[in-house]
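**Student:** Bring the two chains, given one by one in their own frames, into a single complex with the hints.
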Amino acid sequence: MLSKLLGIIPGAAVDGLILCAEIAAVVLPLIIGYEMAKAYGVFERPWPRLRPALARLGLGPGALVPLLAGVFLGLLYGAGILVSASREQGLATGERLALAVFLVTCHAVVEDTAIFVLLGGSAFWILGPRLVLALGLTAWLARRARRHSAN
Amino acid sequence: MKRGRKFLWFLLINILPLYVLSEMLTASGALAYVSGFLAPVMSLWGLPPEAAAVLVAGMLVNLYAAAAVAAPLALSWQQVSVLGLILGIAHNLLVEAVVVRQLTPRYHALTWLRVVLGLAAGWLLALVIC
Chain A
3 MLSKLLGIIP GAAVDGLILC AEIAAVVLPL IIGYEMAKAY GVFERPWPRL RPALARLGLG
63 PGALVPLLAG VFLGLLYGAG ILVSASREQG LATGERLALA VFLVTCHAVV EDTAIFVLLG
123 GSAFWILGPR LVLALGLTAW LARRARRHSA N
Chain B
3 MKRGRKFLWF LLINILPLYV LSEMLTASGA LAYVSGFLAP VMSLWGLPPE AAAVLVAGML
63 VNLYAAAAVA APLALSWQQV SVLGLILGIA HNLLVEAVVV RQLTPRYHAL TWLRVVLGLA
123 AGWLLALVIC
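Each protein sequence line maps, in turn, to chains A and B.
Everything in the first sequence is counted per the working numbering, starting at 3 for the first residue and increasing by one.
Everything in the second sequence is counted per the working numbering, starting at 3 for the first residue and increasing by one.
No wet-lab data here; the hints were simulated from the structure.
There's no promise every hint is true.
[Claimed, not checked] Label-pair distances were calculated between CB atoms; the ranges are:
1. V118/B <-> R47/A: 34 to 42 Å
2. S30/B <-> V16/A: 17 to 25 Å
3. V16/A <-> F12/B: 33 to 41 Å
[Claimed, not checked] Computed from the model, here is a short list of chain A residues facing chain B with C-beta under 8 Å:
4. I11
5. C22
6. T107
Every residue gets a Cβ at the ideal spot worked out from N, C-alpha and C, and that includes glycine.
Okay, chain B solo, but in the shape it has when bound (with noise of 0.2 Å):
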């Protein structure tokens, strides 16, 4: 129960702030700006630029961060599937390096493989399903 609890209170911290930004931000014109220029760089994942922020919040923050990025865009499923594949295999990067370095001293190495083999998976995967 006390587990339930301080997980309770872990979401509503880390979404909600993020939640209110990402419509804010999508509102306001701020994030279509900045992702005009990754638009040729996303279509490759058939991804709309905006997800670009949902990459990196997930990426080096947690994935109820990138849900929370995520969630106001208006994905379709298949993009939001690819999101879900690259973050499930490279989220949480600078945290999770700490626990996976207790395991092994190649933890560099490691973290590099999983924004290489993510974002390979899902190009393949967008080429798959989209």
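With the rest of the complex left out, here is chain A (with noise of 0.2 Å):
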């Protein structure tokens, strides 16, 4: 029993390595597309025509780059980011519960994805629930907040 257990080790480590090899087939190039948007200043830039859209959300023009990076860098990778931003720009409290609710339910979307398509899921099916119940959920809360203020 023991001896075919450690029988199937050589195969299964041969197998990791592959699917390890094919995750960074995916992610290591999406690395550096990062690295190479944020010399090009992609992330610094105001983007004026989202303002409106933002505003839907609950959220100022100051929540855009941290919000991009938790989007596209994750939580983790965009910690840096997400963090100082949100401090340097003087989000309110209201725009930080916003951004968090939005990025807790999707972020990292790329390579999120990419993961379990790797593994024959449909990307479709993967990303577009997340997405639709981030801007849904965001948007409900915005919603309540200015009737509250109104009131």
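**Tutor:** Encoded structure:
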């Protein structure tokens, strides 16, 4: 029994290495792409056209950089930008909550989706519902907050 | 480049041991035995009972750990998508809560929200595509 179990280790290790290589082949270009986008200053641009959309989510223009960092990089890799930007931009408590609600539901969209697509999952069904839920929940919170302040 | 090399190490350290462990647990029948108790629950999501280990690995560790556990299980694309949706919303809960805490003091509630939302969304998705 034990020798049989130990016997599968080499084969399993090779399979595990192949999985590592597949994930690396997908995620490494993402890391390089992010470094390039950062070098071109994509994250520092204000993107004025997005303001109305952000407002519907209860977010001011200052929340754009932390939102982008979270959505594309994830809570952990984006944490540095996320936390420092939300401090520097002086985000209000409500904005921070909206940002947190959006991002816990939907972050690291490329990387997280890619992992399960490699295993055979459907990108549409993995990412679509997350995006819809994040947008819906945040917009609903923002509407509720507006009503409260109107009363 | 330095980030890239760090990431490769991260992958090897996270995936290899769990992948090997997962195949050993499967081959020895231990996974089937333990997950037998969970079969009725997991069938709610159209998942085999062994997928419970994938959910635990994803929620408590991270998605790379979940992938390492899931890969040897031979799941259908529907099952992988349901797992991907549940875990996409609710993963790496303990570590990520530390980051969320920097944004809002209500990080506890948000962590529970992720678990409930993830399981509910996965259940609905299973109804739609399975």
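**Student:** With reference to the structure, classify each hint as holding or not holding.
**Tutor:** Structure-based check of each hint:
Checked against the hint of 34 to 42 Å, the pair V118/B and R47/A passes, with Cβ atoms roughly 36 Å apart. Checked against the hint of 17 to 25 Å, the pair S30/B and V16/A passes, with Cβ atoms roughly 19 Å apart. Judged by the Cβ atoms, the range 33 to 41 Å given for V16/A and F12/B is violated: they are separated by roughly 20 Å. The interface hint given for I11/A holds, since its Cβ lies 6 Å from the closest Cβ of chain B, which is under the 8 Å cut-off.
Interface restraint check for C22/A: the shortest CB-CB distance to chain B comes to about 5 Å, inside 8 Å, so the restraint holds. Proximity of T107/A to chain B holds as hinted, the smallest CB-CB distance being about 6 Å (cut-off 8 Å).
The structure is inconsistent with hint 3 alone, although it conforms to all the rest.
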